[in-house]
Each structure stands twice: as C-alpha cells, then as structure tokens.
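Colleague: Here my numbering is used: the first residue of the sequence shown is 1, the next is one more, and so on.
Where hints are given, some of them may not hold.
[To be verified] Pair ranges (Cβ atoms, derived):
(1) R5 - W158: 50 to 56 Å
(2) A236 - A272: 43 to 49 Å
(3) L173 - P237: 38 to 44 Å
(4) A294 - L359: 18 to 24 Å
(5) L78 - A294: 24 to 30 Å
(6) A59 - S159: 29 to 35 Å
(7) S179 - A301: 40 to 46 Å
(8) A236 - G360: 17 to 23 Å
(9) A169 - A127: 16 to 22 Å
(10) L293 - A36: 28 to 34 Å
Simulated from the structure, these hints should not be mistaken for laboratory data.
Note that the Cβ used here is the ideal one computed from N, Cα and C, for glycine as well.
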Amino acid sequence: MRPNRPQTLTVLLTTQAVVTTGLMTLVPILPLYLQAMPGTHGTDWSSVALAAPAVGALAVAPFTGIWCDRVGHRPVLLVSLVVFTVSVLILATSQHVAGFIVGRVLQGASAIGVMLTACIGHVSAPASRNWAFGLQESAVAAGALLGPVLGGVLQDVWSPRPMLFAVAALNALLTLALSTLLRDMPAHTAPVPSTGKRRPIRDVLMLRRWLAAACLSQAGAFALVNVFVLYLQQRAPHDALLASKAGTLHALGWLAAMFASPWWGARNDRVASGRHFLLAASGCAAAIALLPLATALWQIALLRVIHGALFAALALSVLAHCHRVLPAALHGTATGVARSAMTAGQLVGPLAVMVSLPLGGPNAALWVTAAMFAVSALLILPDRSPSFAPVHDAR
1 MRPNRPQTLT
11 VLLTTQAVVT
21 TGLMTLVPIL
31 PLYLQAMPGT
41 HGTDWSSVAL
51 AAPAVGALAV
61 APFTGIWCDR
71 VGHRPVLLVS
81 LVVFTVSVLI
91 LATSQHVAGF
101 IVGRVLQGAS
111 AIGVMLTACI
121 GHVSAPASRN
131 WAFGLQESAV
141 AAGALLGPVL
151 GGVLQDVWSP
161 RPMLFAVAAL
171 NALLTLALST
181 LLRDMPAHTA
191 PVPSTGKRRP
201 IRDVLMLRRW
211 LAAACLSQAG
221 AFALVNVFVL
231 YLQQRAPHDA
241 LLASKAGTLH
251 ALGWLAAMFA
261 SPWWGARNDR
271 VASGRHFLLA
281 ASGCAAAIAL
291 LPLATALWQI
301 ALLRVIHGAL
311 FAALALSVLA
321 HCHRVLPAAL
331 HGTATGVARS
341 AMTAGQLVGP
351 LAVMVSLPLG
361 GPNAALWVTA
371 AMFAVSALLI
381 LPDRSPSFAP
391 VHDAR
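Working from the sequences, and respecting the hints, build out all of it.
Modeller: Here's what the structure looks like:
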C-alpha cells in the first residue's frame with residue numbers, strides 16, 4: 001500500500017517550511033546576536049557559527065541517501081527530525097557561544113534537508129518529481145522569508161529565543177504526524193540493473209562538475225548571508241533598525257524564490273536543466289556584483305528580489321540533472337551526495353568571507369561572492385555528464 005501522497009507531500013512541505021524557519025531565524029542576524037554573548041567578537045564567531053552545520057552535515061549527509069535506499073525512508077527521516085528538534089532546543093537555551101556552536105553542528109548532523117528532499121522525491125510521481133522539488137524550494141523560501149523577518153524584529157525589540165522554542169514544538173508535532181503517514185512507505189526502491197558490483201557514491205561522483213557547481217553556488221549564497229548585514233552596517237552604522245532591515249531585505253529575496261521555485265521545477269520536468277543553471281548562476285553573479293554600486297535602499301531591494309528569483313533555480317537544476325542521468329535506485333544516494341556538495345559550500349562561503357573581509361571590507365566580500373556564482377556557471381560548460389541507461393521507475 002502506497003502512502004496517501006497528496007497528504008504526505010503536504011505534511012513534508014509543511015515540515016520543510018518549519019525547519020527552514022528555525023534555521024533562518026538567527027542566520028541573517030548572527031553577527032548582532034552573537035555580539036551579545038560574553039567574550040565573543042560577533043564578526044568572527046558569526047562566520048564560525050554559519051559554517052558549523054556543514055561540519056556535522058558533511059560527516060552524515062553523504063550516507064543518509066544510501067541508508068534510505070537500503071533500509072527505507074521512514075526510520076531515517078524520523079531520526080533526522082528528532083536530532084533537528086534537539087539541536088533547536090540547544091540553540092534556544094545556549095548562553096555561551098560554545099553551546100551555540102554545538103547546536104549548530106548538531107543541526108547539520110541531522111541531515112534534515114537531505115532527508116526531506118529524499119522523501120519528497122520518493123512519494124512524488126516520476127513525471128512531476130521536479131515540480132514537487134519546486135514546491136519544496138517554495139517551502140524553503142517561505143521559511144526563509146518568515147524566519148529573518150521575525151528574527152530581526154525580535155532581535156530589535158526582545159529576543160529570538162521564543163521563536164526557536166516554537167519551532168521545536170511544531171517540529172515535534174510534525175514528527176508524530178509523519179511517523180503515521182509514512183508507516184506504509186515501502187522500504188526499498190527498485191534495484192539497479194548491473195552486470196557487476198555497483199558502488200553508489202562512486203557512480204554519483206561521476207557528476208563531479210555538477211557537484212562542484214552546486215558547492216560553489218551554495219558557497220555564494222552563504223557568503224552573501226554572512227556579509228549582507230555587515231554591508232548594510234557599513235552603509236548606515238548608526239541605524240537602530242539594522243537587524244529588522246537586514247531581515248526584511250533577506251525576506252524579499254526569499255519571497256521571490258518562493259514564487260519562482262514551482263515555475264523552475266515545472267520547467268525542469270520538460271527541459272534539460274543545464275541551461276537553467278547557467279542562466280540563473282550568471283544572473284546571481286551579476287545581481288551581487290552590483291550591490292556595492294547601489295545608492296538607494298530600493299535598489300538593494302530590487303537586486304535581492306532578482307537574486308532570489310534566479311537562485312531558486314540552482315539546487316532544483318542540480319537535483320533534476322542527477323535524477324535524469326542516474327537510475328531510480330540511486331536517487332536517494334544522489335540526493336545525499338548532491339546535498340552534501342551544497343553543504344560543503346555552506347562551509348566554503350563563510351570561510352571565504354573571513355578571508356576577504358579584512359582585506360577589502362564588505363564590498364570585496366560581495367565581489368568574491370559574485371565570483372563564486374560566476375565560476376559555478378562556467379563549471380557546467382560544456383555539459384558532458386555521463387548518463388546511465390534509462391531505468392523504469394517501479395514505483
């Protein structure tokens with residue numbers, strides 16, 4: 001018996017929105033939030049805190065897809081959700097930067113993004129899988145829109161901690177719902193037809209240029225998140241509403257992504273995703289490179305909207321390409337490895353900011369960020385990724 005797909009997909013998407021809200025509540029204001037903790041320098045520790053989830057994720061995420069393909073999606077997802085909920089509670093209760101960093105590492109180790117992507121792909125019909133991934137990116141964007149706005153406002157007038165407690169509570173309820181909805185999910189996908197012994201991760205790594213492009217595009221995104229509030233602070237160092245403005249401007253970009261994601265996903269169901277990645281990555285590079293030249297707040301807002309609408313295509317295009325060229329029984333592994341490449345970018349981006357910021361300030365860091373997107377576009381030209389013979393999706 002197959003799970004109730006529309007209902008299950010709806011709960012998975014809701015979970016994604018709640019998870020992303022929790023992730024993004026503090027991210028845009030990390031330099032300001034951590035400055036309040038004794039014995040820390042906000043700028044330095046914000047880069048460490050932003051990169052910390054990548055450490056946990058890189059240790060776990062590459063294997064979660066394999067575990068899904070071997071033992072089933074439900075048990076792995078439930079463990080992931082529990083670990084994520086615990087990590088949010090640690091962040092909400094931490095009074096010292098060391099505890100905060102531990103919570104961030106545990107967030108990454110939950111591999112929640114990989115698991116939700118794998119489950120959404122598993123419960124979706126093959127012909128509309130990329131559209132479902134587009135809905136997932138819209139859920140990500142909705143959470144990334146809500147989180148920065150509430151986090152910024154709460155940072156200015158009170159504390160973001162109550163928001164984190166609310167996210168943990170909602171996530172616990174959704175975990176209970178999914179434990180029931182996914183009870184009848186089949187444990188295994190169809191086997192990979194092969195004349196020899198198949199090594200899943202090695203097969204996925206044949207797409208290394210796409211994985212490198214995914215890494216750099218996410219590096220650019222997280223570098224932007226890290227430096228953006230410092231860029232605004234440089235423009236208006238005495239602005240009492242700096243956190244609120246930073247959160248709102250981030251939210252504008254995610255609002256654009258929320259509306260653009262289903263369109264990009266549907267396009268990927270019909271057209272090869274390489275051209276979409278090339279167009280979107282090039283546009284992201286241009287939008288960020290123009291930020292230091294902006295002279296008014298509305299210009300910054302417009303560039304963030306353009307960047308958000310284009311950024312929505314990047315992860316979707318990578319996943320669509322992996323699913324197009326790999327057999328169905330490797331889709332879980334492909335999702336894990338692709339998301340791990342993106343997670344590596346979450347480590348590279350903040351570290352690039354740490355290096356470039358002392359050398360040339362926020363503007364230099366923004367140009368380095370733009371360069372990451374530009375190089376990611378160049379990496380998929382020309383696209384000669386290997387392709388396996390088509391495999392019927394037994395689901």
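Colleague: Now tell me, hint by hint, if it's right for this structure.
Modeller: Each hint tested on the structure:
{"no.": "1", "hint": "R5 - W158: 50 to 56 Å", "verdict": "violated (41 Å)"}
{"no.": "2", "hint": "A236 - A272: 43 to 49 Å", "verdict": "holds (44 Å)"}
{"no.": "3", "hint": "L173 - P237: 38 to 44 Å", "verdict": "holds (42 Å)"}
{"no.": "4", "hint": "A294 - L359: 18 to 24 Å", "verdict": "holds (22 Å)"}
{"no.": "5", "hint": "L78 - A294: 24 to 30 Å", "verdict": "violated (45 Å)"}
{"no.": "6", "hint": "A59 - S159: 29 to 35 Å", "verdict": "holds (31 Å)"}
{"no.": "7", "hint": "S179 - A301: 40 to 46 Å", "verdict": "holds (42 Å)"}
{"no.": "8", "hint": "A236 - G360: 17 to 23 Å", "verdict": "holds (20 Å)"}
{"no.": "9", "hint": "A169 - A127: 16 to 22 Å", "verdict": "violated (37 Å)"}
{"no.": "10", "hint": "L293 - A36: 28 to 34 Å", "verdict": "holds (33 Å)"}
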